[in-house]
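A.B. asks: Per the working numbering, the sequence shown starts with residue 171, numbered consecutively.
Hint data in this document are derived by calculation from the structure and do not stem from the laboratory.
Predicted model, so just to flag it, every value in this text is computed and none were measured.
The beta-carbon is built from N, C-alpha and C at its ideal position, and this holds for glycine as well.
Watch out, some of these pointers could steer you wrong.
Stated by the list, open to error - Here are the in silico distance ranges between beta carbons for each label pair:
#1 R203 to R300: 54 to 62 Å
#2 K470 to A324: 33 to 41 Å
#3 Q231 to G331: 17 to 25 Å
#4 I193 to A461: 38 to 46 Å
#5 R469 to G303: 22 to 30 Å
#6 A386 to E482: 17 to 25 Å
#7 T471 to A324: 40 to 48 Å
#8 G507 to D380: 29 to 37 Å
What the hints assert, rightly or not - Lysine-lysine pairs mimicking DSSO-like chemistry, simulated, CA-CA at most 30 Å apart:
#9 K346 to K470
#10 K470 to K509
#11 K346 to K509
#12 K509 to K434
#13 K434 to K346
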Amino acid sequence: MGDVVGATTFIDDIRAAYPAAEIHLNTLQPWDRLFEGDARFARVFTVDVRGRKGRFAAALQWIRAVLGGRYDLIFDLQSTDRSRIMLGLVRLLSPRLRAIVGHNPGYPYTHAPQRPAEPYPGWHSDLALRAAGIPRAAQHGHLHVSPESRERVAALMARHGLRGGHYVLLLPGSQKAGWLKRWGVGRYAGLARALRESGVEKVAIIGGPDEVEDCAAIAAQGGEGVIDLNGQTRIAEIVPLAEGACCIVGNDTGAAHVASCAGKPLLVICGATDPRRVRPIGPHVRALQWAGPCINCYRKTCNYQPELACMEAVSVDIVADWALHQCGLRPGEWRAGEKLSVF
Numbered sequence: 171m172g173d174v175v176g177a178t179t180f181i182d183d184i185r186a187a188y189p190a191a192e193i194h195l196n197t198l199q200p201w202d203r204l205f206e207g208d209a210r211f212a213r214v215f216t217v218d219v220r221g222r223k224g225r226f227a228a229a230l231q232w233i234r235a236v237l238g239g240r241y242d243l244i245f246d247l248q249s250t251d252r253s254r255i256m257l258g259l260v261r262l263l264s265p266r267l268r269a270i271v272g273h274n275p276g277y278p279y280t281h282a283p284q285r286p287a288e289p290y291p292g293w294h295s296d297l298a299l300r301a302a303g304i305p306r307a308a309q310h311g312h313l314h315v316s317p318e319s320r321e322r323v324a325a326l327m328a329r330h331g332l333r334g335g336h337y338v339l340l341l342p343g344s345q346k347a348g349w350l351k352r353w354g355v356g357r358y359a360g361l362a363r364a365l366r367e368s369g370v371e372k373v374a375i376i377g378g379p380d381e382v383e384d385c386a387a388i389a390a391q392g393g394e395g396v397i398d399l400n401g402q403t404r405i406a407e408i409v410p411l412a413e414g415a416c417c418i419v420g421n422d423t424g425a426a427h428v429a430s431c432a433g434k435p436l437l438v439i440c441g442a443t444d445p446r447r448v449r450p451i452g453p454h455v456r457a458l459q460w461a462g463p464c465i466n467c468y469r470k471t472c473n474y475q476p477e478l479a480c481m482e483a484v485s486v487d488i489v490a491d492w493a494l495h496q497c498g499l500r501p502g503e504w505r506a507g508e509k510l511s512v513f
């Protein structure tokens with residue numbers, strides 16, 4: 171989900187560069203639901219290219235769908251080996267197609283960048299668009315939120331006494347397979363208590379089906395004024411909920427990418443994954459990581475378990491201090507300390 175949401179940053183610039191063009195979006199299910207009612211696209215279509223019914227048959231179905239669109243220009247914001255092969259066939263079979271923009275040099279791409287010396291979030295699509303001569307203006311992702319969803323969030327906030335600018339939003343989960351990305355129930359609960367004791371009016375927690383138990387435990391341990399909203403919002407509704415927060419703290423998770431669309435200060439706590447690559451796009455986003463020897467390991471199990479050294483090193487006090495600065499409750503300049511890196 172994070173890659174899909176991040177791509178919307180560049181979709182805004184494509185839309186601005188071709189204001190009169192009919193633009194179609196190809197994505198995978200269930201992420202097509204994120205674009206329901208989105209006026210940027212005349213059509214959103216999906217094809218199961220992962221091949222649950224056979225990879226070859228799925229690839230042929232996708233190629234037929236793309237050829238049927240009779241496109242003049244294609245932007246490949248994913249640029250996997252699979253998309254390169256399929257687009258190579260499309261380029262051979264489509265005389266109308268003028269250009270394919272991607273982030274890998276060579277066939278089938280007509281416009282592609284050189285790899286940067288230092289990676290940064292979304293660098294591949296950013297440089298690909300620049301190579302194609304498209305001005306870069308969008309600062310962060312953008313998801314369409316229907317008026318009905320905004321009304322639902324407003325009612326939810328009113329029901330729980332969440333006043334705009336007076337609460338902190340926590341995103342404490344990740345998918346089950348990525349449990350090494352979790353900062354932990356105890357630390358999030360400690361953060362919630364520290365924020366409430368320092369004057370933050372409310373702390374709200376959201377998550378997905380894999381995080382029900384964690385969210386409930388954080389709310390229970392966090393005490394009065396800590397509200398568990400798990401299961402009470404749809405994905406796109408994270409955006410207006412994040413818009414009302416004074417700041418957001420989360421793990422490296424898809425929900426953080428969705429929340430980043432609100433443009434509010436966001437701190438992502440990283441350990442096993444490289445924050446230069448995975449943090450959401452935008453100048454309002456910071457990532458915090460232990461400056462230890464085993465960071466960015468991308469492992470599924472930890473040699474230090476159950477301690478998880480990279481997460482243990484990020485203290486509640488440091489994160490609470492950042493949040494209180496964003497909420498205007500602590501003067502001066504925020505500093506992460508010598509053993510932590512900020513991205």
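A.B. asks: Can the restraint linking K346 and K509 be considered satisfied, given a maximum Cα separation of 30 Å?
C.D. replies: Roughly 28 Å between the alpha carbons, so the hint for K346 and K509 holds.
A.B. asks: Between K509 and K434, is the straight-line Cα distance small enough, at 30 Å or below?
C.D. replies: holds (26 Å)
A.B. asks: State, for the Cβ atoms of T471 and A324, whether the hinted interval 40 to 48 Å holds or is violated.
C.D. replies: holds (43 Å)
A.B. asks: Measuring from beta carbon to beta carbon, are A386 and E482 in 17 to 25 Å?
C.D. replies: holds (23 Å)
A.B. asks: Are the Cα positions of K346 and K470 separated by 30 Å at most?
C.D. replies: holds (10 Å)
A.B. asks: Check the following: the C-beta atoms of G507 and D380 are separated by a distance inside 29 to 37 Å.
C.D. replies: The hinted range 29 to 37 Å holds for G507 and D380, with Cβ atoms some 31 Å apart.
A.B. asks: Assuming the hint says 38 to 46 Å, is it satisfied by the Cβ distance from I193 to A461 or not?
C.D. replies: Check passed, 43 Å falls within 38 to 46 Å.
A.B. asks: Run the distance test for K434 versus K346: straight-line Cα separation, threshold 30 Å.
C.D. replies: Cα-Cα ~27 Å, so holds.
A.B. asks: Go ahead and decide if the range 22 to 30 Å is satisfied by the Cβ distance of R469 to G303.
C.D. replies: violated (41 Å)
A.B. asks: Is 54 to 62 Å a correct range for the gap between the Cβ atoms of R203 and R300?
C.D. replies: violated (31 Å)
A.B. asks: Is it true that the CA of K470 sits at most 30 Å from the CA of K509?
C.D. replies: holds (24 Å)
A.B. asks: Given a hint of 33 to 41 Å, does the C-beta separation of K470 and A324 actually sit inside it?
C.D. replies: With Cβ atoms ~40 Å apart, the hint holds.
Hints 1, 3 and 5, counting from the list given before, are not met by this structure.
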